[in-house]
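Q: First to last, the sequence lines map onto chains A and B.
When the letters of the first sequence are read in order and numbered with our numbering, they come out as residues 1 to 585.
When the letters of the second sequence are read in order and numbered with our numbering, they come out as residues 1 to 296.
Simulated from the structure, these hints should not be mistaken for lab results.
Do not take every clue at face value.
As the list claims (entries may be wrong) - Calculated cross-link-like contacts (lysine-lysine; reagent style DSSO-like; alpha-carbon spacing at most 30 Å): (1) A:LYS135 with A:LYS391; (2) B:LYS60 with A:LYS26; (3) B:LYS37 with A:LYS26.
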Amino acid sequence: MASQQPLTTRSPLIIPCSYLTTEGNKTGSWRFLRPQYEEKTSPCSSACPSGEDIARIQMLTAQGSFKEAWETILMENPFPGVCGRVCYHPCELQCNRREFDETIAIHTIERFLADTASRYELKFGLDKLPEKKQKVAVIGSGPSGLAAAYFLALLGYQSDVFEALPEPGGVLRWGIPHYRLPPNILNEEVSRLQDFGVRIHCSKPVSRKFLKEAKNNYDAIFLGCGHSQSLPLSIPGEDLPGVKNGLDFLKKIRRGDIPALRGTVAVIGGGNTAIDAARSAVRLGSKVILVYRRRQQDMPAFAEEVEMALEEGIEIRELETPVEIESQKKDLVVTLQKMRVAQEDPQGRARIKPEGKKRKKIRVQHLLIAVGSSAAEDWYDLPGKKRGVIKLNNCVLVHRSREPALVYGGDLTASIKSVVHAVASGKEAAMALDVLFREGPGTIESTLKACLVGIGPSLSMEIYLGGPRVKRSHSIVSYDNLNTDYFRFAPAISQPRLLREERLQSFAEINLKIGASLAIRESERCFNCGICNQCDNCQLFCPEIAVIRDQNPQGRHINYEYCKGCGLCVVECPRNAMALEEERS
Amino acid sequence: MQLDNLEREYMCPGHVGCPGCGAAIAMRFVLKALGEKTIMIIPACCWSIIAGPYPQSTLKIPVLHTAFETGGAVASGVRAAEDIKGDSETTVVTWAGDGGTFDIGFQALSGAVERNENFIYFCYDNEAYMNTGVQRSSSTPYGAWTTTTPGQQWKRLRKKNIVEALVAHRIAYAATASIAFPEDLIRKVTKAKSITGARFIHIFSSCPTGWGMPSEMSIKIARMAVQTNIFPLYEVEEGIRYTINFTPKGYLVNEYFRLQGRFKHLNEKDLAHIQEMVDEDWNLLLRKAGSRPEIS
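Work the whole structure out from these sequences, hints included.
A: Printed below as a string of structure tokens:
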């Protein structure tokens, strides 16, 4: 063959190509099932009390769009730096990835985004709605009050925040120790809110009289004054010197007035304040015994905090309760009554009873009481059921004719007393007041119901404002809905921490920063349940060439003229961002 | 998935393949890798229909529809004509089903490979004569129902190992591929295109109609065939150098069989026997590959 002369140097194809395509066959008429793009709700976002769009935040982080990811948090929560550190992250408990290998470290990513924003001094680009004429007074500058003021500002309302103490932040400033939340982080977040238009008036305690006068200046009042009054033990010897309450102890430390604690400290209680007080006391050089009347697993304190407390050498005595405190020379002798589990309530929490006369005495030098707290003044107490009272998930709204509306929020009403629930409460209040001002009280509940993330109870501001999240279906993606063939096993990152020995020497922050590469690697593990991350599987596997790329935000559409409805795109979508429904016509 | 040639499209919508057709997906991927300088020979098979009646064609490349047994022979002739015309750019490919490859077209294929004709032979394997109504072929696997192995007369013979038969010819390049692994498939086609001589690619193409399964499971089933070792992904160069491209996760075959109507009569004992055969084949392949499978 090589010896033969080619007939032409560039010969045409010897077999002609058909001139007519098959495009005239509208095979879409075969279809009885219709695939379509349908973004759904991820379980984490619905579990987040403030309804953060976590699947999207992780997607943006994985793409390196840190600013956009950070702004996506800010749309639902003004405190990513705080919540990335102190939130007990109920989102992670619902992560679908935990059924595959390990849950995504969502809080670590949140903190990373906040740290990155602060490092590069990013300014967030959320636009406020046009200014409205109504004004709101916010009592208390804790997380709920600040969140309410922030979301009200976003919705175009002016507000004044009144804080009794000289600095803003409430429990974030006075109740959470530095080793969990360094003060500069809080200061940064608060000043960002101030830049956004939130006015905070410090050292301005508010009296019952203020409420009466408020109607001249304000259209609504948000009460977010929290539970700052410690509950007493109500046992003999409680007023002896050396017996203090946990909240005051923490407040003192944060003020920089660090008490010397020698010897052994007993902390009474099992909540977060008790754990914080105990861990702070350890850092001041004392030996700490934590006394709790139920079992360790019944503690309302977050499990992770309890574990760290144990690591730091705190002794936990469970099923014991103090009945008497006596003073002997310079020591305190505490009589502890042994308790037993009588039964378990439906949530698995122990109901306890004293176990006969079994008692024990322990000798300590100091005693800190942290058995719970309540509102500081009785006029903070919630109204009963009556006309004009609307009970929402995380706040209670009272609307009265010719008087400003009153909203009780934060710890006064939250189902769980946590920072993120306080944020949720402030957000809910802002939305409710906006509806009240615009449409009156009748539509508050139905409007808020439409803004639920998944089945709720968390609410989304983005949905309220009619952002792209409105299009999401409320159905929550379960593990079985995912196509896990497209994911590889990868362990979660482990949070770098100070060593135990380093921790005990100071109040330095325990959890260390992570870098961008680690954050990207972690967020890439996210399944992005229910949302499209443009993986293009639907286009790739379509046997009909019926998935067409285009410029719309979805990036592609289905050409129903040819789609036969085989459903491959829906099954091969790794993250359940598509749905297959029966053809209607 | 990042592959630059994925953007190309040489198939039109409106073809008449069944919903969820694996063979249509296989064609899409292969043409993306081959490009427009391709002449395709299609002996009788499903694709004789899918491509559309004259003068329609769903393919944007020239196609020769030929008789059932002539896949290897026609390609040899077209290649010779191209060579005479001095066209070395155009790739000549045969696109045949399992019937036209394993059974009816085997002598022409064997002859062409023995002569080391410069072309690529693609067999899209849907494991029976699907176009004519699901009759068993020598590619139909052990345990399968077809219209010619109905009821309790299900096929009790093994599937012919076509790649090994061609490797015995010392073929320049032979590989298995699956529609569920597009990156691997397109890489193999691109590689085959760069090699001179006879090349063979065996593509597992699920058939919802013939296998009695929902159309949306097409890819899933193809993926499971690989994950369970029923259809291992590997390639052989010069008939000697074996490379295994996917190390399976050790899934058992049961799940794969449970999802398909053509296997619904099989009991636990049958499945255990099939598992044994699959393990035996896999171990044989491991030995050929030097028992140190490469992971891609």
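Q: None of the hints should be skipped; say for each whether it holds.
A: How the hints compare with the structure:
| no. | hint | in the structure |
| --- | --- | --- |
| 1 | A:LYS135 with A:LYS391 | 22 Å, holds |
| 2 | B:LYS60 with A:LYS26 | 18 Å, holds |
| 3 | B:LYS37 with A:LYS26 | 28 Å, holds |
Of the numbered hints listed earlier, not one is contradicted by the structure.
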